[in-house]
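Using the sequences and the accompanying hints, generate a full structural model.
Those protein sequences? They're chains A and B, same order as listed.
Just so you know, the working numbering puts 347 at position 347 of the first sequence, and the rest follows in order with no gaps.
Just so you know, the working numbering puts 290 at position 290 of the second sequence, and the rest follows in order with no gaps.
A couple of the hints might just be wrong.
Intra- or inter-copy, both count: the list cannot distinguish identical chains.
Said to hold, decoys possible - The calculated DSSO-like cross-link candidates involving lysine-lysine, where the alpha carbons are at most 30 Å apart (straight line), are:
no.	residue 1	residue 2
1	Lys304	Lys62
2	Lys62	Lys225
3	Lys225	Lys309
These are computed hints drawn from the structure, not numbers from a lab.
There are 2 protein chains.
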Amino acid sequence: MAKKAAPLSPLAPTGGFPRIPAIGGVTLAAGAAGVRYRDRPDVVLGVLPEGTTVAGVLTRSKSASAPVQWCRHNLEGGHARALVVNAGNANAFTGAVGERSVKRTAEAAAALLGVSPGEVFIASTGVIGEPLPEQRIIDVLPALKGGLKPEGFEAAARAIMTTDTFAKGASRRVRIGNATVTIAGFCKGAGMIAPNMGTLLTFLFTDARLPADVLQACLVRAVNKSFNCISIDGDTSTSDTCLLFATGAVGAAQPAIEGLDDPNLTEFRRGLNKVCRELAQLVVRDGEGASKFVTIRVNGATCKKSARKLGLSVAGSPLVKTAVAGQDPNWGRIVAALGKAGEPMDQNLLRIWIGGLPVAENGARHPAYDEAALARHMKGQEIEIEIELGLGSGACTVWTCDLTHGYIDVNADYRS
Amino acid sequence: MAKKAAPLSPLAPTGGFPRIPAIGGVTLAAGAAGVRYRDRPDVVLGVLPEGTTVAGVLTRSKSASAPVQWCRHNLEGGHARALVVNAGNANAFTGAVGERSVKRTAEAAAALLGVSPGEVFIASTGVIGEPLPEQRIIDVLPALKGGLKPEGFEAAARAIMTTDTFAKGASRRVRIGNATVTIAGFCKGAGMIAPNMGTLLTFLFTDARLPADVLQACLVRAVNKSFNCISIDGDTSTSDTCLLFATGAVGAAQPAIEGLDDPNLTEFRRGLNKVCRELAQLVVRDGEGASKFVTIRVNGATCKKSARKLGLSVAGSPLVKTAVAGQDPNWGRIVAALGKAGEPMDQNLLRIWIGGLPVAENGARHPAYDEAALARHMKGQEIEIEIELGLGSGACTVWTCDLTHGYIDVNADYRS
Numbered sequence: 001m002a003k004k005a006a007p008l009s010p011l012a013p014t015g016g017f018p019r020i021p022a023i024g025g026v027t028l029a030a031g032a033a034g035v036r037y038r039d040r041p042d043v044v045l046g047v048l049p050e051g052t053t054v055a056g057v058l059t060r061s062k063s064a065s066a067p068v069q070w071c072r073h074n075l076e077g078g079h080a081r082a083l084v085v086n087a088g089n090a091n092a093f094t095g096a097v098g099e100r101s102v103k104r105t106a107e108a109a110a111a112l113l114g115v116s117p118g119e120v121f122i123a124s125t126g127v128i129g130e131p132l133p134e135q136r137i138i139d140v141l142p143a144l145k146g147g148l149k150p151e152g153f154e155a156a157a158r159a160i161m162t163t164d165t166f167a168k169g170a171s172r173r174v175r176i177g178n179a180t181v182t183i184a185g186f187c188k189g190a191g192m193i194a195p196n197m198g199t200l201l202t203f204l205f206t207d208a209r210l211p212a213d214v215l216q217a218c219l220v221r222a223v224n225k226s227f228n229c230i231s232i233d234g235d236t237s238t239s240d241t242c243l244l245f246a247t248g249a250v251g252a253a254q255p256a257i258e259g260l261d262d263p264n265l266t267e268f269r270r271g272l273n274k275v276c277r278e279l280a281q282l283v284v285r286d287g288e289g290a291s292k293f294v295t296i297r298v299n300g301a302t303c304k305k306s307a308r309k310l311g312l313s314v315a316g317s318p319l320v321k322t323a324v325a326g327q328d329p330n331w332g333r334i335v336a337a338l339g340k341a342g343e344p345m346d347q348n349l350l351r352i353w354i355g356g357l358p359v360a361e362n363g364a365r366h367p368a369y370d371e372a373a374l375a376r377h378m379k380g381q382e383i384e385i386e387i388e389l390g391l392g393s394g395a396c397t398v399w400t401c402d403l404t405h406g407y408i409d410v411n412a413d414y415r416s
Numbered sequence: 001m002a003k004k005a006a007p008l009s010p011l012a013p014t015g016g017f018p019r020i021p022a023i024g025g026v027t028l029a030a031g032a033a034g035v036r037y038r039d040r041p042d043v044v045l046g047v048l049p050e051g052t053t054v055a056g057v058l059t060r061s062k063s064a065s066a067p068v069q070w071c072r073h074n075l076e077g078g079h080a081r082a083l084v085v086n087a088g089n090a091n092a093f094t095g096a097v098g099e100r101s102v103k104r105t106a107e108a109a110a111a112l113l114g115v116s117p118g119e120v121f122i123a124s125t126g127v128i129g130e131p132l133p134e135q136r137i138i139d140v141l142p143a144l145k146g147g148l149k150p151e152g153f154e155a156a157a158r159a160i161m162t163t164d165t166f167a168k169g170a171s172r173r174v175r176i177g178n179a180t181v182t183i184a185g186f187c188k189g190a191g192m193i194a195p196n197m198g199t200l201l202t203f204l205f206t207d208a209r210l211p212a213d214v215l216q217a218c219l220v221r222a223v224n225k226s227f228n229c230i231s232i233d234g235d236t237s238t239s240d241t242c243l244l245f246a247t248g249a250v251g252a253a254q255p256a257i258e259g260l261d262d263p264n265l266t267e268f269r270r271g272l273n274k275v276c277r278e279l280a281q282l283v284v285r286d287g288e289g290a291s292k293f294v295t296i297r298v299n300g301a302t303c304k305k306s307a308r309k310l311g312l313s314v315a316g317s318p319l320v321k322t323a324v325a326g327q328d329p330n331w332g333r334i335v336a337a338l339g340k341a342g343e344p345m346d347q348n349l350l351r352i353w354i355g356g357l358p359v360a361e362n363g364a365r366h367p368a369y370d371e372a373a374l375a376r377h378m379k380g381q382e383i384e385i386e387i388e389l390g391l392g393s394g395a396c397t398v399w400t401c402d403l404t405h406g407y408i409d410v411n412a413d414y415r416s
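Take a look at the structure:
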């Protein structure tokens, strides 16, 4: 696995990795275990203080990986003390061997840190169907433990990259009652799956003190507005994992939160939504071969779910995505993509704008359609598509990138 | 619209367009109306004898074109006397103007031929959202009428091409009772949609004498096993149309058929299935940028529908399709694509073969996995994937092609 690194995505944010403040109680370390890649960090150890609650959203794939199944089981307990992540091998479709491999890794981390294996969360990304050499990971855990520090976010984000061209992180400070808490996270894309590598992995941390069930409810809502609103190529991974850890290190300064509707939780929920949205957008900006970032706003659908389905149908259409790559304001393909979604829609009520310019209305091309102005917008790097269904108040914004030769280059390349 | 013609697909059948016998009562003519293309035939007129019954399967898109809506209405009558098809403009998302345009064309053809507009069927393929200059079509109808002949299949198949690189036709002779009847058809692909051009159009003809409801039942079943089992890019067109005309010219030699289960109909149904399957496979062989033809056999699913959904999930996966393009026997992507289909599946029962070679079993890579032998198969032009779910007796075969730079070239190209 000695591949030439892909050049930095043209859509990468300027300024590099953001400054992320330490989260009370969270320490991280990254190291090189040589799972598959050589000469680069590929394993992350995260350690969390006693009392940390955890929430998670995992892939719905019927061929979910062994680590995903492990996390699904441990999430029932609601508590976490450690996180072990590796890149290079997804430990997916590896059968009983793969399950043993996760268990051995978790038990080794648990023994090293003096916690229970049921509180150790595992995530893996990389090649599918090859046994994971977990001993390589276990061997570096003691060294990682020695290197744990509160400012390890950037190194951790870098160690879990596969075909990503930049490390992805985001954070927000919010108030719960009179206490200030921090929400921070890092993730990897999303090419969506490189030569048999794959997966969206996201790890979020906060020093807030929240019961696991409330944390879970917050996370599900945030994921539905962020990671579930992006599409690179429509291929769902066997290993998609998003975990949120709340250490409670903020202490008694924060009022206790009992339920999702507690008014003291409003700002936290908004902050979490923003961190998730920022990370999700970074994933799109690093889509394999992406040269344009596309925002699709859907309004006037019969409900929110319908709006998302319509938006994702447009975002996932290879014909829309190649048209964007070709700088073609090809709104006919948007109409076709909406039509195939199977959601309520009336051609005669539909209105479409590209870059704020009207293109369709009353079941036909808009009278003020201005191809030259549209062509100018399509030459830009940020493409905006707005769709009004005229049926109800369901709204959703989704994000995607274009489909270019770069995608074929990355994915039609032989694995070894 | 002066585009360089794409080179002939490497998957095109050798021997060119097949010899298709005349179908009793059917005459066809093709001509150049200059709808959008210059200097090539772009309109087809088909004329059918009195008593011809008709069946049709039309796009389920919510943004169906004006001609599709016209055909949907006329199919209720069950009778047909004429067919007018054009390439270059789909007359889709053209509002009330588009509806008038279809009506004017049908009325002109009806007046010219002395039939009712309710028996004139219209299909259009091409750019979406631009008003169709139907007068250009109407103007050439008299000349087309003068040129009608029974052997017009190849010319008709050629005139409806958009990004197709070869004309597509197929036929079979079968017996109904002691009478021999012919089933023949032509179609266009399926790039799936070229620079705003699009659509799968199929026209089938037979001299059998069949009631419209029986014809419809036969056609739905044939389409479900053929055109509904292929995937180029997962983008459903606004204009997909498949029509089957039965002239009854075979006469009294054929026993009357009352229902779908009539034993005298068995051979006809098989023949229709074969013609449809052959045409559907030709569409895949002419997929935009295709360099490999992929057959995916799914067995052991819980039911037939589930098998088709699982097969199409693999066939539609950009990651599977780019892996095939890269000659990579990347079976992990097949597992991932099956997993995302949302259909019943058990990793531990799943078995996969590529080119007849076992790759996966018991939830893991097969012990006899032979990467070198697999690589040899992947270098070929015909790729075979076999999937055994081990859950039931649901089976389905689907067909697709690889996803290459050629697809991006065709579709990221500006329309004009």
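So, going through the hints one by one against the coordinates:
1. Lys304 x Lys62: For lysine 304 and lysine 62, the Cα distance is within 30 Å both inside one copy (26 Å) and across copies (19 Å).
2. Lys62 x Lys225: Both, since 23 Å and 26 Å are each at most 30 Å.
3. Lys225 x Lys309: both (12 Å within a copy, 27 Å between copies)
Against the hints set out earlier in the document, no violation occurs for any number.
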